[in-house]
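Asks: So the chains spell out like this:
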Amino acid sequence: MTAEPEAAAHVVLDDVHLAFAGRAVLRGVRCGFPRGKISVILGGSGAGKTTILRLIGGLVRPQSGRVVVDGVDVCAVREADLYAVRDRIGMMFQGGALLDSLTVFDNLALPLREHTRRSEGEIVAEVRRSLAAVGLADAEALLPGQLSGGMIKRTALARALVLRPEILLCDEPFSGLDPISVKRIEGLLCRINAELGVTMLVSSHHVRSTMRMADRIVLLVGGRAVTGTPAQLRASDDPWIHEFLDDGDAEGRLSDDGGEVLEPETRPIL
Amino acid sequence: MSDFLRRFGAWCVAFVEELGRITLFAARILRAVVTPPPRLRPFLDEIYNLGVLSLVIICVCGGAVGMVLALQGYDTLVRFGAEESLGAVIGLSLIRELGPVLTALLTTGRAGSATAAEIGAMVRTEQLDGLRMMSIDPMHLVVTPKALAMIAVMPLLSALFIVSGLAGGYAVGVGLKGVDAGAYWSSLEANVVFRDDIVGSFLKAGVFGVIVGLVSTYRGFTCTPTATGVSRATTSTVVVSSVAVLIADYFITALWGS
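Protein chains in written order, with the working numbering: chain A, 1 to 270; chain B, 271 to 528.
Hint data in this document are derived by calculation from the structure and do not stem from the laboratory. Just so it is clear, CB atoms sit at the ideal spot from N, CA and C, and this is done for glycine as well. Mixed in with the good hints there might be a few duds.
What the hints assert, rightly or not - Under 7 Å between C-beta atoms, here's a sample of chain A residues computed to sit facing chain B: (1) Leu59; (2) Tyr83; (3) Met91; (4) Gly95; (5) Ala97; (6) Glu114.
Claimed, not checked - Listed below are several chain A residues computed to face chain B (Cβ distance under 10 Å; list not exhaustive): (7) Val85; (8) Leu110; (9) Pro111.
Stated by the list, open to error - Computed beta-carbon distance windows for the label pairs: (10) A:His115 <-> B:Ala334: 49 to 55 Å; (11) A:Gln63 <-> B:Arg298: 21 to 27 Å; (12) A:Arg78 <-> B:Arg380: 57 to 63 Å.
Could you build the full structure based on these sequences and the hints that come with them?
Replies: Below, the structure written as structure tokens:
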């Protein structure tokens, strides 16, 4: 296990400090997220999981330290210049962040219309392909207010991927979902990573899913990060880590009836 | 005493800082206006939301104000035997003052608060952050069309309010009180001066549109992302816009009249 960022990582946090209203959330976080792998940021409520994703997207800035995305320190560039970095990032927000005045179709079509020169026919085809990939082919005319929690997550995932980002940030993709939906989202994320090679950063407190899907885990403890593979964290001597992982497993057993990943579709993703 | 001065000084500093922030916000809107691509579709949608959906309330309120002016004006004018001037009294009252001011206050309550609440809800549900992460500037796509639409619809709604008021005044003055119809319109035509009255009225409505558009979008955009924060943004939009409209009305009247 390590608390140091790797030099070859796609995304690096280097000695990041951040406090909200005087309360320190991140106290010198150092970690790296390898290219093309699934990294899960694990931690209790208020540990700073979402904050790390927002730091990487440039939505908040740290009091000190560096957040390097593909070689660019997002803390050192102006807001206007951040868009060039964000073009390489897709973000799935915890609540979806879908524009509630637009239909599911228009939510996915918006980034395509804004950033590509594709014809309307090509956009329609791309949006329908993306919606089919997440199992929402029949939901394109619905408004976000008419969707279930799982459908919102999947729509948000499809929108985050529609421009083929190099990095995908997923904020609590399993929160508030039933076990079947959890496995469906988990399966989707694993297939997206396997087939598209996207660097994936997932914030979660769902320990069982994390252990199944993560190539690397960043565990936030007391404002600092402990990094390792699932096996390395399991082998840790730290009692807090054991307690967190064991309690998480126990919680998972109550809400989750199996270890296998449910695959929603068999055809290639996107 | 020193405590009072300290608090007053802190309030003054906070007020000036807020003015600075809202000025910078206005500059960002101006920059978004000249930044391609033009947001014609969202702008037209907002014209509909802010303007077309306000037509009924503007017509009803304008008509009611005109009818009250006719009742009050007739009773006063008849004492001096000047009831033939009823059209001029109602017209000048509406065109110079009541039309733009009451339209601005009504629009603040209906459309300004809705604008602040909508943008505030988008802040709260991370929709604006979602746009940022898609490399879409929310100032460009969301805020600027709403602010521009408010500026565009205010003079038009004010004109409609005035016309409705004249119609309401006609109904009561001519229909109920028996004022001569020709005298009603001819006194209005004879006393309304294009530059002083009509242009001044549109100028006021335009300035009020800027105030309401700017305050409502700023309050929504900068609200705390909680239910209480959105509620406060909505309330403060109505209060700040209304007070600012009335203060601006005084200065425009004083400067334009002189």
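Asks: All the hints need checking, so say for each whether the structure fits it.
Replies: Evaluation of the provided hints:
no.: 1; hint: Leu59; in the structure: holds, 5 Å
no.: 2; hint: Tyr83; in the structure: holds, 4 Å
no.: 3; hint: Met91; in the structure: holds, 4 Å
no.: 4; hint: Gly95; in the structure: holds, 6 Å
no.: 5; hint: Ala97; in the structure: holds, 3 Å
no.: 6; hint: Glu114; in the structure: holds, 5 Å
no.: 7; hint: Val85; in the structure: holds, 9 Å
no.: 8; hint: Leu110; in the structure: holds, 7 Å
no.: 9; hint: Pro111; in the structure: holds, 5 Å
no.: 10; hint: A:His115 <-> B:Ala334: 49 to 55 Å; in the structure: holds, 50 Å
no.: 11; hint: A:Gln63 <-> B:Arg298: 21 to 27 Å; in the structure: holds, 25 Å
no.: 12; hint: A:Arg78 <-> B:Arg380: 57 to 63 Å; in the structure: violated, 38 Å
The structure fails to meet hint 12 from the earlier list, while all remaining hints are met.
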